[in-house]
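Read top to bottom, the protein sequences are chains A and B. Note that the first sequence covers residues 1 to 284 in the working numbering. Note that the second sequence covers residues 1 to 195 in the working numbering.
Since the hints were derived computationally from the structure, they do not count as laboratory data. Yeah, the Cβ is synthetic: ideal placement off N, Cα and C, and Gly gets one too. Just to be clear, a hint being listed does not mean it is correct.
Unchecked claim - Covered stretches of chain A, going by a simulated chain B footprint (3 or more residues, C-beta under 8 Å):
#, segment
1, 62–70
2, 202–214
Said to hold, decoys possible - Facing chain B, according to a computed beta carbon distance under 7 Å, are these residues of chain A, among others:
#, residue
3, 176
4, 224
5, 225
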Amino acid sequence: MEETVFEYLIQGIGVAVLLSVVLCGAIRFGVGYYSGPAMAGLAIGLAFLGAYINLLDWPPWPPVSASQKVGYLVLAGLAVGGLLDGLKSLKPIRINRFALVVLPGLIVGWIGWRQITSFSVEGQLTLAVLWLAGGFIFVRLQAAAQYHNTGVAVVLVLAASVGISVIAFTGAAASQAQLAGLLAASVGGFLLWNWPTPRYAFNQAAVFASATALMSIATTVVLYTDAAKVAMVFIPGIFLVPAVLADKPLAKLPLTDKPALQALVIGGATLIPVALAVGLALIS
Amino acid sequence: MKFFRCCVLAAAIVFPMTLVNATTQAADKFAFDKAHTQIGFSILRLGFSNISGWFRKFDGSVMFDPDNVANSSVKAIIMTSSIDSGFEARDKHLRSPSFFNAKEFPEITFVSTKIEKTGAKTGKMTGNLTMLGVTRPVMLEVTFNKMGVHPRNNKTYAGFTAAGMLDRTAFGMKFLAPAVSPKVMIRIDVLAEKK
Chain A
1 MEETVFEYLI
11 QGIGVAVLLS
21 VVLCGAIRFG
31 VGYYSGPAMA
41 GLAIGLAFLG
51 AYINLLDWPP
61 WPPVSASQKV
71 GYLVLAGLAV
81 GGLLDGLKSL
91 KPIRINRFAL
101 VVLPGLIVGW
111 IGWRQITSFS
121 VEGQLTLAVL
131 WLAGGFIFVR
141 LQAAAQYHNT
151 GVAVVLVLAA
161 SVGISVIAFT
171 GAAASQAQLA
181 GLLAASVGGF
191 LLWNWPTPRY
201 AFNQAAVFAS
211 ATALMSIATT
221 VVLYTDAAKV
231 AMVFIPGIFL
241 VPAVLADKPL
251 AKLPLTDKPA
261 LQALVIGGAT
271 LIPVALAVGL
281 ALIS
Chain B
1 MKFFRCCVLA
11 AAIVFPMTLV
21 NATTQAADKF
31 AFDKAHTQIG
41 FSILRLGFSN
51 ISGWFRKFDG
61 SVMFDPDNVA
71 NSSVKAIIMT
81 SSIDSGFEAR
91 DKHLRSPSFF
101 NAKEFPEITF
111 VSTKIEKTGA
121 KTGKMTGNLT
131 MLGVTRPVML
141 EVTFNKMGVH
151 PRNNKTYAGF
161 TAAGMLDRTA
171 FGMKFLAPAV
181 SPKVMIRIDV
191 LAEKK
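Work the whole structure out from these sequences, hints included.
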């Protein structure tokens, strides 16, 4: 057990945080004052992939296991997001339609193809729920990045990845817990640059890389581990928090016009679905 | 004369075929006696001690030709979820994607490709092991213990012991390596019933 904790903390999270902080700064100052802040979000996906390679080595092609597919899926998400950042003329609504349908379907279908070919009702239903949840997460994260500040989007991904990590760990899936921890650490490193003052945009590269990583890991945990599947139901609920708090409740709270406190309040509120998810995983 | 030539021609065609049939029929099929066969492994953890375990569900067969061992072959299939290391919490972890990923890869298969005799009762068996969707060659040292008739049921049995080592990371099982050794010792004790 001790070596598991050591592996998890040092080799996983430590490397991801370090890579995220360094890459974020390198992109920002390397690209320059005008484009740097808009592109720094690339660091999240790059840091995750760097930590992933450090832990598991780059997977072979074609990948065999679900864990190996995670690397390729996050790379694809990062590439798609980076392309969308470059094509600034594309309207958000078209991005959402693509994100809602195509990417979650790709993730769930590629990782869960065994369930598709098994023709079992339970398997098909699980895939359908995963697809819907994935689309929901993509769209909500997109909205958080667009209509709230960077801190809010980061906090949502942080909460979701921590929740998935703990759920996976309770299901004895330490390697999946580790991957979710890498994502949490990658966005955490980005948050260090953006709190209390949001400096860099949670751009499309950050949205797609984060959401793809979340969906890939969550799909693997649901389909191929003994983790409590019902606990995972609360994870998409995390992405509802900004919408629930956005209107009057948030406006009534003091000092929430400050981005740092807004992220803190929303982050605190995400603890509710996370706690529910973890509690359910522990008692299942 | 013509009739004699036809007879010689027919004999020339048929006789080699009987030899071929005799050769292929010399390898008899033996099926694993699951109650008396054990497939085990052992792995060094943090350099302190070995953790041993077994696979409880499997099936296999041996085509055994004692007169021409090279003519023999082995096939085996192991259910990954049947892993048993004597500690359920660890077994749960072993079945997870961190190790054997039993839900995604429910079976481990072995098909021998070559068996060569190295001594009166020993040999080397090379075959393809498929685990976690990856196929790699492995070599096992085999000892032929005995073949004979069981005193209780009058059935013919053959007993073998196979041992070897494989590198789990070659199959993509890299979690906790090298803290938990990448080298896994394999020991298989087979009792096979002649069919």
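Here is how each hint holds up against the structure:
1. 62–70: Three-residue rule met by the segment 62–70 of chain A, so holds; n is 5.
2. 202–214: Since three or more residues must qualify, the claim that chain B covers the segment 202–214 of chain A is violated, with 0 doing so at under 8 Å.
3. 176: Check passed: Cβ of residue 176(A) comes within 6 Å of chain B, closer than 7 Å.
4. 224: Because about 4 Å separates residue 224(A) from the closest Cβ in chain B, which is inside the 7 Å limit, the hint holds.
5. 225: holds (6 Å)
Hint 2 from the list above is the single one not met by this structure.
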